[in-house]
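A.B. asks: Hey, can you work out the whole structure from these sequences and the hints?
Chain by chain, the residues:
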Amino acid sequence: MDVPPKMLGMPLVARISERSTGLLYATLAAVLFLFSGIAHAQPADAALYATGEKLFKGNCASCHKPDKDLTGPAMKGARARWDVKGDIYAWVKNSSAYLKTGNPYATELFAKWNKSVMTAQALSNEEIDAVLYYADNYAPPPPKPGAVDASASTGTNDEGSNWPWLVVIALLLLVVGISLSGVRTSLDNAVREAEGKEPLPDMTTGQKFRQWAWNNKAFATILGLFVVVFITLKLWDAAWVVGVYGGDEVPHYKPEQPILFNHTLHAGKVEAGNLAINCQYCHSSAEKSKHAGIPSTNVCMNCHQAVAEGRSPEGTKEIAKIYAAVGWDPATLKYTGRTEPVKWVKVHNLPDHAYFNHAQHVAVGKLECQECHGPIDEKMDVAEQWAPLTMGWCINCHNTKDVKMAGNGYYDEVMARLEETDMGHAELKKYLEDEKISVRELGGWECAKCHY
Amino acid sequence: MSSTKRYWKDLGELHQQPEAIKGRENEFPQDLAIDQVLGDASFNGASTGRRDFLKFLGFGLGAATLAACETPVIKSIPYVNKPEDITPGVANWYASTFYDGEDFASILVKTREGRPIHIKGNPRFGLNRNPALPKGSINARINSSVLSLYDNERLHGPMKKGAEGMAASTWAEADKSIAAGLDAAAGKRMVVLTGTLASPSSAAALEQLKAKYPTLELVQYDTISYSGVTNANLKSFGKRVFPSYDLTKADVVVSVDADFLSSWGNTTESTWQYASRRQPGKGMNRHFQFEARMSLSGANADVRVPLKVSELPKAVMALHAHISGSGSGADAAMMKATESAAKALMASKGRSVVVAGSNNEGVQVLVNSINSILGNYGSTIDIDRPSTLHQGNDAEVARLVEGMNSGAVGALLIAGVNPAYSLPNADQFKAGLAKVPLTVSFSGYADETASLCGWICPDNHYLESWNDFMPKAGHYTLGQPVISPLFDTRQWQESLLRWSGSSVAYYDLIRSTWQQGMAQYGGLAEMFTNTWNQAVHDGVYEPAGIPAGVNTAVFAADVSAATAMATASTTGAGEFELALYTTEAIGSGRHANNPWLQEMPDPLTKITWDNYVCMAPADIERMGLNMYLGEQAPASLVTVKAGEREITLPVVPTPGQRTGTVAIALGYGRGANGEKVGRAACTTDHIGDFVPVGKNAYPMTSWVNGAVGYEALNVTVTATGDTYPVAITQTHLTDMDRHSVVKETNLATFLTGDKKAYNHAHELGVHEDVNGDGVINALDKKPVAEFDLWEEHPVEGVGHRWGLSIDLNGCIGCGACITACNSENNISVVGKDEVRRSREMHWLRLDRYYSSATTKESAKEDGLGKIDMYLKMEVPEESPTVVFMPVMCQHCNHAPCETVCPVAATTHSNEGLNQMTYNRCIGTRYCANNCPYKVRRFNWFNYVSEKFGEVNPAWDDLGRMVLNPDVTVRSRGVIEKCSMCVQSIQAGKLAAKKAGTPVQDGAIETACSSACGTGAIVFGDLNDKKSKVLGLATSDRSYHMLEEIGVKPNVNYLVKVRNTEEAAAHHA
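Listed in order, the protein sequences are those of chains A and B.
Each residue of the first sequence is one higher than the one before, starting from 1 at the first, in my numbering.
Each residue of the second sequence is one higher than the one before, starting from 10001 at the first, in my numbering.
Hints in this document: simulated from the structure, not taken from any laboratory.
Errors might be hidden in some of the hints.
To be verified - Sample of chain A residues with no beta-carbon within 12 Å of chain B, all distances over it, derived:
no.: 1; residue: T71
no.: 2; residue: I231
no.: 3; residue: A331
no.: 4; residue: P375
Stated by the list, open to error - Calculated cross-link-like contacts (lysine-lysine; reagent style DSSO-like; alpha-carbon spacing at most 30 Å):
no.: 5; chain 1: B; residue 1: K10782; chain 2: A; residue 2: K366
no.: 6; chain 1: A; residue 1: K346; chain 2: B; residue 2: K10075
no.: 7; chain 1: A; residue 1: K366; chain 2: B; residue 2: K10082
no.: 8; chain 1: A; residue 1: K54; chain 2: A; residue 2: K68
no.: 9; chain 1: A; residue 1: K346; chain 2: B; residue 2: K10082
no.: 10; chain 1: A; residue 1: K269; chain 2: B; residue 2: K10755
no.: 11; chain 1: A; residue 1: K269; chain 2: A; residue 2: K217
no.: 12; chain 1: B; residue 1: K10782; chain 2: B; residue 2: K10755
no.: 13; chain 1: B; residue 1: K10110; chain 2: A; residue 2: K288
no.: 14; chain 1: B; residue 1: K11026; chain 2: A; residue 2: K288
no.: 15; chain 1: B; residue 1: K10075; chain 2: A; residue 2: K379
no.: 16; chain 1: B; residue 1: K10782; chain 2: A; residue 2: K343
no.: 17; chain 1: A; residue 1: K85; chain 2: A; residue 2: K112
no.: 18; chain 1: B; residue 1: K10994; chain 2: A; residue 2: K429
no.: 19; chain 1: B; residue 1: K10989; chain 2: A; residue 2: K429
no.: 20; chain 1: B; residue 1: K10075; chain 2: A; residue 2: K366
no.: 21; chain 1: A; residue 1: K343; chain 2: B; residue 2: K10075
no.: 22; chain 1: A; residue 1: K404; chain 2: A; residue 2: K317
no.: 23; chain 1: A; residue 1: K404; chain 2: B; residue 2: K10994
no.: 24; chain 1: B; residue 1: K10782; chain 2: B; residue 2: K10934
no.: 25; chain 1: A; residue 1: K334; chain 2: B; residue 2: K10934
no.: 26; chain 1: B; residue 1: K10755; chain 2: A; residue 2: K346
Just so you know, even glycine gets a beta-carbon here, dropped at the ideal spot from N, CA and C.
C.D. replies: What follows is the structure in structure tokens.
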């Protein structure tokens, strides 16, 4: 059955309505998109606007926003503000030099913005004009379809879960079959009555079935055997995936998270409109520790101090949750000191008594994160357990993967030792029968590699 | 020749008692534990019928199945703002210092996610650093101290004495009330009573309080007193100091009752120094020990002479007579007994050391005189840069007690000591305490003294505190906190500063004290931050330019007066003489609440969870008391009476104890009046009463010449007729009567270089002409190593092959490896009752074998006939020799356990490890039955459960914080055993792989090897041609335990070599 675990316990009706909520959101989003598309007025000089945007993103965006205060003031209207008060070009090019001229507006600005000097910018007057044009004509981009609301995509992989319908149909067929057999009996009796024979004895369906079975012993036995074997096999299969929440056979574990963090948006490819942040930017301990590590909230703030708005109102709401956790007041752009750690729900739970070390696999084995965590950067808005994390899955990989030995002095030593002794040489020959040295051959199947 | 001795591990075995033989043959001697479960009386009244039972069973099964289908919801909560140096999953090590008034060590503390979980010696800096290894030497008390941090019975905040006993209070109230109390007491005597205050900054804090209250004075009280030594040095050299010793320079060590390997002086220093001179070869020292009780030092001595307590001062006098050449008046028998020691000393002038354990000033003056004549000052003994760790002055303590009783003392602040428990005149102290208007204790527990004080202002645990120490001039160490205070406690120095009106934090005071102090050594003020940071990192700071010690010691004491004083302590001996001592595990009793220490078997008696009367087997036999102890054979209870003082304890036969003497360990019986002194100090006994562990023997001490005396010469011992069960591991799980378990020889034989003479490989006869004499007969033999029943594991040259080498010469039996293993591998504490049933869980045990000094060879030299020889070998209790042997899983390459496991739960790795997989184990225990070394342990119960909550630290949420997160906590029904710290091996390999280099020798250590400051346990890769362990494993002294069974262990032992050839001559 291909239903996310959180849905398993729901009555059918609720589940259907959940799906329709998803549909509803999608529709709403589409409508919103349409409207926003219409409402989004194009600036008069598109070329200048584009040049300005490019320059802004390259030079200014780390401290300024077009329409909002950040480290520095919002840039929209800057030209108007400066209009008569001073030379905005000189100010942008080298603000500290300009300050020395004693311009009162410059001094005021300097005092207002925490007495921090803006970095000198190597821009020409024309380029400054372009940036200011961009800022003045800036309109927030429309929300992108697909990135509307992470919650809408929670139900992505429940398609194809149609066997409840099959059961309903089967039950209906059974009822129809029983009714038809009743009809047939009545008809038979009617015929017999017409022929003047005794009516058939009044038998229940069960009695009839037993009689049929008695009359067709061989067939019934074989059928019975098939049924028993089928049920046993199904139970056996089911037992294999008890406690397994990933892999091909069960719906993936995908718990609801306190913040609907969108992995695809952050780590996905730029071509697809995503940000392509390296996994280890946030999961930085993956190459140092056994844990990949859930990033502490201050890591989020490295970007989200500047990025306060999501691509949708819902996204903005989620970003606000980070601010609540880390104690950041986006209005004053200051930390309040009131923090509340985010209580993420752990997605990947190893079976008990198993030791796993990320560093071994990432730093030494040089595996890509996706090899175990699946296409997390492509189609996992909300993280889910992709691999089954069963021992069978672990050792399959250990059996086939070759050890990344090249350029690692540790393995050079292992090889040197193997070649030194007869016993070692014989072993090495065995290893190289398939022309590679697998993890298993270097002991990757031994109990105490993972259990201690 | 190699020694053909008879080894025995207890008297039952020696005398072939049927109980002992039966016990030996039955590794799991009990009926199934189910008897105990069903024996529970509460089950008798149960009314559950069979049908109900089946219903419950069915429902339970169904519910469990359903529950298994539920997706677990586990929260994962990251930091809001991650500290830079913490990576979850990666351990951080911090340098710190341990000092509790008894032991001093520079340590490294391992923390995981901010929790300290393991302690080892600092391998790079500190007095306890063995530079040859390099490793920091520590003992069991030090590495177990991490557990006491997580004791829920520590006070959670300040306490105030009210009408109904102690009640919780607040710091604000405490500060206000105590400040008022101090003001009220101004002008009267105010005393701060501490243990030895070796901390310069604590002294500075005290000075600040003294500036406000000029009548404030410091009284230092050492729980185990060294006043006799320091007073003797005052008389001898004009300095009231405890000298520092350098045993690395001593060719001859003579100790009269000083257990310098376990309790006397700065043991973390003396153990590694001593062991560094025990390497067999030309530089091996010779050690003479004169004592009444078999101590750890005595067990290691080359020559041990058992003497009565009253004879010990006479032995010192006799030694003095020998050395000084004025033999008149000395006891003739003692002159003879000390002759060979004196001869050895005279031959090693300036390269020897004499120490005495007595707290008698006269005895110590004589010892000083001997050392002075021998010219040992300036070489092995340094009095110019003395140890500052034993500054206690008993006379001042006595004066304080008087002052308290006379009403002269207006305020008493007590830090780090527990006089109401440990003083000989504790009753007087308690009476006096009630008369002092303001009494404040800084104890972390409401202990014997604190619970009588007006206020308890609980101190932080030392792992939560900043502190500094100067254990000797020019050597500074820092203690740094590794965790924030768990409870609402405050460091006592901080409290002093608050009450002095200062707002300086103690940390800042330490920094400023250091900054000022460094100026004295010409340190640059502007460089201070660098120096300070380096000192915090290293834990130790040794300023350059400290002049080396100049020998200015000129002995100037009145020897005849000292002789008279010493003689006075030899008179009035009665039927029995009593010596009081401290054990390796519990020490002075400060750590009696630590379950790891309580469950650590005493190195010699192998008894856990109790103190007892040590008595010579001959005396036990004479008095008709129980000689053979075991699970079903309890010990006899006796009352030991010295004047008015008496104590009733079980009596234990201890081979090596001088007849006519008894010995009792101090430090037990904590919390006897219901004080909450920590979780494990009191336990529920076998009949369900809540009782302290052991009995307090401090009341048996007495004041002698103004110092505390630890002996009584006229005591009576009477049997009460009752018995008492003792939990003794001695007869459990060890194997005997096989001659390749322990191998030993003497130095002369070893120096011949003929391996066959002392380490002959076991051979089997073969049907081929091996020796080439043309006949196939019994002389044709091949070494066992050449036979193989099994197919060989591919080990040589294939990856790693981890191994341990254990030097029986280096092992002094201290047991630090046992507690280090407990801490690293989450080993369950099971409690006295379970230990008594042979169910202790220690992965590493320390076997102790006794043997007679008589060997077949020495008997031949002594001209004994065959019958006499065997008779003499059979009566070794007088003074047996001792071998300590750490035994853990031997990681056999042909492991018998692996072949019998029906579920392949124990398998062999290609790195030479014998792996134990708990998930697979179904608990058949076939492996344990088939193990020739008896190193496998079975989890009879779920020890992490309420039933064991009293003793097992892992039971409550706080205690669980000490667990090593990399090691599984085992549950009921599985076998466990030494994994050779596979978690450390894996971590070390990973570090090497990440760095892209081969694993460096010494980079990976097991818990036992890193705890072994004497270097007896060496871990490494036997496939690494340059490794130290391979060098040892292939050395001439190397042998495998039970080599003849051909299991090819990866653990090897090095033959014990004793420096005894002259001793044999002397005895003849």
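A.B. asks: Next, verify each hint and record whether it holds.
C.D. replies: Hint by hint, here is what the structure shows:
no. : hint                : verdict
1   : T71                 : holds (20 Å)
2   : I231                : holds (16 Å)
3   : A331                : holds (20 Å)
4   : P375                : holds (22 Å)
5   : B:K10782 / A:K366   : violated (50 Å)
6   : A:K346 / B:K10075   : holds (6 Å)
7   : A:K366 / B:K10082   : holds (26 Å)
8   : A:K54 / A:K68       : holds (18 Å)
9   : A:K346 / B:K10082   : holds (19 Å)
10  : A:K269 / B:K10755   : violated (71 Å)
11  : A:K269 / A:K217     : violated (64 Å)
12  : B:K10782 / B:K10755 : holds (16 Å)
13  : B:K10110 / A:K288   : holds (17 Å)
14  : B:K11026 / A:K288   : holds (29 Å)
15  : B:K10075 / A:K379   : holds (24 Å)
16  : B:K10782 / A:K343   : violated (68 Å)
17  : A:K85 / A:K112      : holds (16 Å)
18  : B:K10994 / A:K429   : holds (27 Å)
19  : B:K10989 / A:K429   : holds (24 Å)
20  : B:K10075 / A:K366   : holds (28 Å)
21  : A:K343 / B:K10075   : holds (6 Å)
22  : A:K404 / A:K317     : violated (44 Å)
23  : A:K404 / B:K10994   : holds (12 Å)
24  : B:K10782 / B:K10934 : holds (28 Å)
25  : A:K334 / B:K10934   : violated (65 Å)
26  : B:K10755 / A:K346   : violated (61 Å)
Of the hints listed earlier, those the structure fails to meet are numbers 5, 10, 11, 16, 22, 25 and 26, in rising order.
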